[in-house]
Amino acid sequence: MEHYHMNLTLKVWRQKNSQAKGNFDTYQVKNISSEMSFLEMFDVLNEQLIVEGKEPIAFDHDCREGICGMCSMYINGQAHGPWQQNTTCQLHMRAFKDGDTIVVEPWRSQAFPVVKDLVVDRSSFDRIIQAGGYISVNTGNAVDANAIPIDKKDADDAFMAAACIGCGACVATCKNGSAMLFVGAKVSQLSLLPQGQPERANRVLNMVAQMDKEGFGNCTNTYACEAECPKGISIANIARLNSEYIKAGLSSEEK
Amino acid sequence: MGLTGIFLITFLIVHAGVNACIFLNDGGATFNEFAHFMSHNWIVRFLEIGLFVGLITHIIQGLLLWKQNNAARPVGYYYNKPSKNSNWYSRSMGILGTLLLLFLIMHLYHFFIGTKVALYSGDRPHNLYEEMKLVFANQWVVIAYLVGVVALFWHLYHGFQSAFQTLGVNHKKYTPIIKMLGLGYSVIICVLFALMPVAIYLKWIA
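Taken in sequence, the protein lines are chains A and B.
Taking my numbering, I'd label the letters of the first sequence as residues 1 to 255.
Taking my numbering, I'd label the letters of the second sequence as residues 1 to 206.
Source of the hints: derived by calculation from the structure; they are not laboratory data.
Among these hints, one or two may not hold up.
[To be verified] DSS-like, lysine-lysine: derived pairs with alpha carbons at most 25 Å apart:
id, chain 1, residue 1, chain 2, residue 2
1, A, LYS153, B, LYS67
2, A, LYS153, A, LYS247
3, B, LYS133, B, LYS203
4, B, LYS172, A, LYS21
5, B, LYS172, A, LYS247
6, B, LYS81, A, LYS175
7, B, LYS81, A, LYS97
8, B, LYS172, A, LYS152
9, A, LYS21, B, LYS67
10, B, LYS133, A, LYS153
11, A, LYS116, A, LYS21
12, A, LYS175, A, LYS213
13, A, LYS231, A, LYS175
14, A, LYS11, A, LYS54
15, A, LYS30, A, LYS54
16, A, LYS213, A, LYS247
17, B, LYS172, A, LYS231
18, A, LYS175, B, LYS179
Next up, chain A with everything else stripped away, as it sits in the complex (with noise of 0.2 Å):
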């Protein structure tokens, strides 16, 4: 893949704290490689406004290799920027050309508030894994894993569940702002295998309730989420979540 170095305008979100109003400010960046990463690219920024004597960019990074779900902007209209099921430390400059203007902005959502500039406080998600996302285990010696039999098809769906890594894309993405695709793959990778049944109709109405409890909004089926998902999280988990929550709803006594 030919390297080539390109000039850069950004306008970024800049806001103080979750209680001031922010705006955008536009910068200038220079020489930046094609091989860099998004955030690479937002380190030179970050150390170019430290010489100028400004306040860098708060941004949430931590593993930069695709597998933490925290670099969370919305770049040029889209979570993550650009490419298809990819994060954005694993987005690279050379999806971008010289003298373009890349505009990034905080995941916008009730349930996410703004903490400093492009970081947002997502612990609403983990609120919702604190209401179902256990399972009650035996104690003891470890079991030998293969003593439980799973169908080869539900370990696999489990498993494809179990990708979610929690970056909140989903939410950003959804134009209701609605974190079924979380909720959907979290209530799925627990009730599709046999150590996820007993809690199986309390996790997806405690999970659902608690859902709505933080202000997300509804899902009306756009699909948007799936397009956008770093892991590729499919809506069949949408389905199974409403699916598990009508089951669990009927057959409950719990109100």
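Chain B: place on chain A using the hints.
Using the frame of chain A, we list chain B on its own:
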């Protein structure tokens, strides 16, 4: 939304089926016979209440979705490219639904009110077919009906498969079939409905 949607989808089959009798080109005899049956049979009259309940529930659900989903994103994006990840019609169900509601008000004014007035003022004989010919003689009414049908098509095309997803059906084998059925259903229903004002306006049927 899914349940009431499917209910309304089944209603449209009956509605389009009965109305398609005008294409028999028998001067509306069969159609009028059907119309008389529909407005006098007590089971149909009872179902009609259910239809309005279903329709109003569907509207209320839509309004609630609109309100809650707006609240879920108080600050919108400055720059957004939704066309990269979803179809315009899947994102426009609220607007399409509003268009349909406006259409429905006009449609009920044209055909429902007249039938009811005739029924409750001593069960006067009422030639619905002649009324149709009268209404669809106006080109602006025909255009308004065609706009309504186009809105209906996109609303149904998304709504049909969406209802199954909402009710928890997403299957490797059946979902593609459901999507095909949805497309077929939407095309057939909308083409039938669109042909009615056009055929009458252009005097294809007598």
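Evaluated hints:
With a C-alpha separation of about 39 Å, the suggested pair LYS153/A and LYS67/B falls outside the 25 Å cut-off, and the hint is violated. This hinted pair checks out: LYS153/A and LYS247/A have alpha carbons roughly 21 Å apart, not beyond 25 Å. As the CA atoms of LYS133/B and LYS203/B are separated by approximately 9 Å, the hinted pair is consistent with the 25 Å bound. A threshold of 25 Å between alpha carbons decides the hint, and for LYS172/B with LYS21/A the separation of about 46 Å lies outside it, so the pair is violated.
Straight-line distance between C-alpha atoms of LYS172/B and LYS247/A comes to about 21 Å, which keeps the hinted pair within the 25 Å bound. Taken as a hint, the LYS81/B and LYS175/A pair is honoured in the structure, with Cα atoms around 11 Å apart against an allowance of 25 Å. Between LYS81/B and LYS97/A, the direct Cα distance comes to roughly 19 Å. Compliance with the 25 Å bound is thereby established for this hinted pair. Taking the CA atoms of LYS172/B and LYS152/A, the gap is about 16 Å. The hint holds against a cut of 25 Å.
Pair hint LYS21/A plus LYS67/B holds up; C-alpha atoms about 23 Å apart against a cutoff of 25 Å. Restraint check for LYS133/B and LYS153/A: not satisfied, since their Cα atoms lie roughly 58 Å apart, outside the 25 Å limit. With a C-alpha separation of about 11 Å, the suggested pair LYS116/A and LYS21/A falls inside the 25 Å cut-off, and the hint holds. In summary, the hint linking LYS175/A to LYS213/A is supported, as the alpha carbons are separated by about 19 Å, within the 25 Å threshold.
This hinted pair checks out: LYS231/A and LYS175/A have alpha carbons roughly 20 Å apart, not beyond 25 Å. Taken as a hint, the LYS11/A and LYS54/A pair is honoured in the structure, with Cα atoms around 16 Å apart against an allowance of 25 Å. In summary, the hint linking LYS30/A to LYS54/A is supported, as the alpha carbons are separated by about 18 Å, within the 25 Å threshold. The straight-line distance between the Cα atoms of LYS213/A and LYS247/A is roughly 21 Å, inside the 25 Å bound, and the hint therefore holds.
A distance of roughly 19 Å separates the Cα atoms of LYS172/B and LYS231/A; the hinted pair therefore holds under the 25 Å criterion. Between LYS175/A and LYS179/B the alpha-carbon distance is near 22 Å, which keeps this suggested pair within the 25 Å criterion.
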